[in-house]
Amino acid sequence: MQPFDGLITLIVFLPVAGAAVIAVAGREQMLVRRIALGAMILNLILATYAWLSYSANGPIIEQLGQYGSNPWIPGVNASYLLTIDGLSMPLVFLTALLGVVAVLGSWHVKERVREYHVWLLMLLTGVQGVFVAGDLLLFFLFWEVELVPMYFLIAMWGTGHREYSAMKFVLYTLFGSAFMLVGVLALRFAIGSFDMGAMTLAGQEGTLRAAFLSMDVIFLMFLAAFAIKLPVWPLHTWLPDAHTDAPTAVSVLLAGVLLKMGGYGLIRINVGMFPSEMEQWAPLLVIFSVVSILYGAAVVFRQTDLKRLVAYSSVSHMGLVLLGVASLGAVSVTGAALQMFAHGTITGLLFLVVGIIYENAHTRHIPDLGGLFSRMPVVGAVFVFAGLASLGLPLLSGFAAELMVFLGSFDAYPWQTAFAVLGIVLTAGYILWTVERVLLGPLKERWNSVKDASPADFVAMALLVLPIIIVGVYPALVADVFRDAVTLLVGGG
Amino acid sequence: MPEAAVWLIIAAPLAAAVFNGLIIRPLFGPVSRIGFDATVGAIGISFMLSLWALSVVWTDQEVVLPLHEIIRVDEFSLRIGLLLDGLTAIMLVVVTSVSLLVQIYSHGYMKEDRSYVRYYTFMAMFTSAMLTLVLANNLILLFVGWELVGLCSYLLIGFWFTRPSAAAAAKKAFIITRFGDLFFLLAILGIFLLWPEDTPVTFALSDPNAPMDLLRAGGAALTGTGLTLICLGIMAGAAGKSAQFPLHTWLPDAMEGPTPVSALIHAATMVAAGVFLVARFLPLFEEAETARTIVALIGGFTVVFAASMGLVMNDIKRVLAYSTVSQLGYMFLALGLGALGPALFHLFNHAFFKALLFLGSGSVNHATGTFDMRLMGGLRRVMPWTYGVFFIGSLSLAGIPPFSGFWSKDEILGIAWSYGGTLGTILFVLAVVGAFMTAAYIFRALFMTFHGKYRGGEAQEAHGTADAHETHDERHGATPHESPWVMVIPMAILAVLAIGSWFINFPATHWFTDLLKPLGAHVEEIQIVPAAIGLVAGLLGIGIATALYRGGAVSAPSISGPLAPVTNLLTRKYYMDELYEGVIVRSVLYERLWRFLAWFDSDKGVVDRAVNTLGLFGRNLGKGIRVVENGQLQMSLTVLSIGAVIIVAAYVVWGGVG
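Line order of the protein sequences matches chains U and B.
Our numbering numbers the first residue of the first sequence as 141 and each following residue consecutively.
Our numbering numbers the first residue of the second sequence as 10 and each following residue consecutively.
Just so you know, the hints here were simulated from the structure itself, not pulled from any lab data.
Do not take every clue at face value.
As the list claims (entries may be wrong) - Calculated cross-link-like contacts (lysine-lysine; reagent style DSS-like; alpha-carbon spacing at most 30 Å): (1) Lys462(B) / Lys582(B); (2) Lys591(U) / Lys120(B); (3) Lys584(U) / Lys120(B); (4) Lys250(U) / Lys584(U); (5) Lys250(U) / Lys591(U).
Unchecked claim - Which residues of chain B face chain U? A partial, calculated answer using Cβ under 8 Å: (6) Leu160; (7) Pro173; (8) Tyr599; (9) Trp603; (10) Arg604.
No residue lacks a Cβ here, since even glycine has one placed at the ideal position from N, Cα and C.
Using the sequences and the hints, build the whole thing.
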């Protein structure tokens, strides 16, 4: 299949176009939902089309204005350059998929539905933009665009200390962005344009040099931004707050794709453009990753809020991404990318299910729950399924990713990896313990009238269950695509 | 044998599971009998195909099945395929035959359960996963099966999930076996790490077309400490799955599952997977003397350790559970001494007689509504069939000739005897003491259950029957009766096997050993002295049990006096549960380490507070947040705008320069 002109642009801006339509015409709640759903389904179809086209023809590039001769923004030599390569493709697809899920998962939102969906769709445009930007200026702009919708979604439709959490999220990200901006500008001066492809090329050849900052400093600037986003211990504390207080669909997107912006940045920029600095700092990053994995898992055990529990499990699982990236082998980095995809579907599903439980039981306090399986067989079964995927059960996507990360990292860092592998026991422990406390045992009387999944919930869950199984059974479907890009960046065969 | 036929062995029960779970249960309801038909039909197909596979291997036909590359990154190239050799063929027949009989029996046992179809879905799924495990010609595929049988075990132990004890037991089983799997996984990683540089790692166990494969080259290619560690990792995984000391504590609790599940998963097949694993990797162990010694010692110790607890349990299934742990110990003992044949022969015999004993206990439960032997007694009159088969199973387990257990246990005793040295002597003594205890506990159970007077069954049960109506287990009681034919016939078939399964390795023909010859097994001559010692130990055990329990005594006061501390220690299971769950998990980890870390992480502790205050906006964050929480959204928007303005300004100023 041939890509058509403007395919990527359409993928990126379709959500925001949907938002515009809603802003103008969305007078009724149901109409708003339908427009949003329609936009995201179309987005998913386009992303699928792009994937087929990628499989047939390789990377897709769209450009408006050439660097040098006739740039998009002449003063700064920026170009409107969008690319989809092996690293972007699955993440673009994931974003579109989770976009559909997020709209379905918002079916129960009843307050200011119109504004809610406008923000939600704007957020999706920002995330898609980050994954396809081929120009570093665009990358940075999209990176910033995502902040505003997130702030409002959490602060206005969230629960608990929502304003505190929303602010914390924004401030942490901005803090990272400030560093990143310095890095962006330094690279711009080094290379004369914002062309990320040229930066990567120079970086791989070892000729990337900045005038007034050492490459180490620039490397660390980017690292700071991405490490906050991933997040890496000890910069993770915004995450549990943001997750706990965000509305369900936003938690799904936050865990599902927003964190992946950090992992994507690490691979695209830190690994791609700074290979020697990366090699130098990798041993330290490996240690941070192991701490994230074990520390995140340990803290999970003490959580009594179901959402906060899943949030900390995310810290632990994203530690695996860092471990894979920092091990710098083709296998490990491909595994890390696969882990991003897997975690997006699995943790997205967990947040979705937790949201459904909350919606029906009106509490997330674990000691109050119990025996829900008897009343919620479908939600319960999906919860167990997502939990098993999260603990790395074979034939579900998390296992393949974990295994590849471990295989790759054990090669480079056997002892550190051996500690990280301990995480699989801790994960099994907290997942099964949570399942026991929430779903098993006798049904508590107060839950006698709790309802099971609604049709919208059911479709949303199914959309995430399927990729977890498909990628789990045949991981090469996604791993091969990631591998194409990764092997160019880490040099392996 | 065509490749598709071998794959069908796995695929048939898998299809039944999918069919039952996705079609029958939603469309025909949770108690549809089609669930039974599908599962039994599919496993019947697998059984026939397994017999075919056995006959093919038996007649010395070379079965080479292709490998399929499914993922390749760099030097890592995963090639999946199936392996059909003597070891696999034996396991196939054991798994499919016991599974088939158990499924038929289950119809009688589970027919009034409200989740009848769910039961048959999980059972079919288990059978498929177990067959994957034994057929895999790839370490990763083997691991997949390995984890999935663990999953099915979890789902089936927790089958009656509204019971808190079942939910807890399921979780415990999964987590403890996963602890073993941690080391198994590290062993897999170790193989990848230590694999010679210039050869792709396919993880294929046996690959005629590759320059190197795990079983032929593994032991030679990976040597030294690395190999020893890899072997120990494999053994740790095996110890978790096969409930060997110190990872045995989950198996007795796993008896919370329906009894046919215990017979199939926790006696005959899944728990034997550890033995299968070590047997499969014996070529690696051959080069790792230390690892083998540790395997033998763990096995030998577990034989006695588990049997001692079996002596004092009052729950008939727990007696059998400890018995299983102990018998698996014999197999590891043999493997540690490099004796593939005897270990597998015992696995083969044990699968039948232990499944029989479990099904017998289920039949007893069906009649009395309880598993507590103190409430049974006198059942031989009302349940002659169950009594008869249980008696046969007990004789086989106790190692009395000519029953099957005698022949394989004798081989293992003989191996330890002729191995000699300190190690051989220690193992032989452990094995003989184990034989004595085995006979004693199983005949104690037999007498308590079937002899003396009936003591009331469930009606007398003092404690918690809150969920009684939920489960099958506690339905009957007042007037015990023989179980229906659908339960008796599978037991009768197993009884025949408990008597005669050893014919497959009849001393004059030893077909069984021949099957394993390509893998390094050799014919063990019968040795009169160790066999006689073992037999005497067994008879002594039966004698003591007869003296103490024949009359139907519930407890034996004559030994409980001076031996009370010992009995207490055994009843409390050497305090291992207290150590693991009370001390390590609850006290050290949950109450101290994790609690500290959760505090450390919070805004009252260190990490969150420190990062907040060190942050660019940190000094004001605390104050600002208070303002925000007062509801002044304006304030927060101002902060946001200021931040955005600063960035845009910086961008314009700096960006414009270029």
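Going down the list of hints, with the structure as the test:
1. Lys462(B) / Lys582(B): Satisfied, since the Cα-Cα distance of roughly 29 Å is no more than 30 Å.
2. Lys591(U) / Lys120(B): 29 Å, holds
3. Lys584(U) / Lys120(B): The hint holds at about 28 Å.
4. Lys250(U) / Lys584(U): The given pair, whose Cα atoms are some 28 Å apart, holds under the 30 Å limit.
5. Lys250(U) / Lys591(U): 18 Å, holds
6. Leu160: Hint holds; Leu160(B) Cβ to chain U Cβ min 6 Å, cut 8 Å.
7. Pro173: With a closest approach of 5 Å, the Pro173(B) hint holds.
8. Tyr599: 6 Å, holds
9. Trp603: 5 Å, holds
10. Arg604: 6 Å, holds
In the structure shown, no violation is registered for any of the earlier numbered hints.
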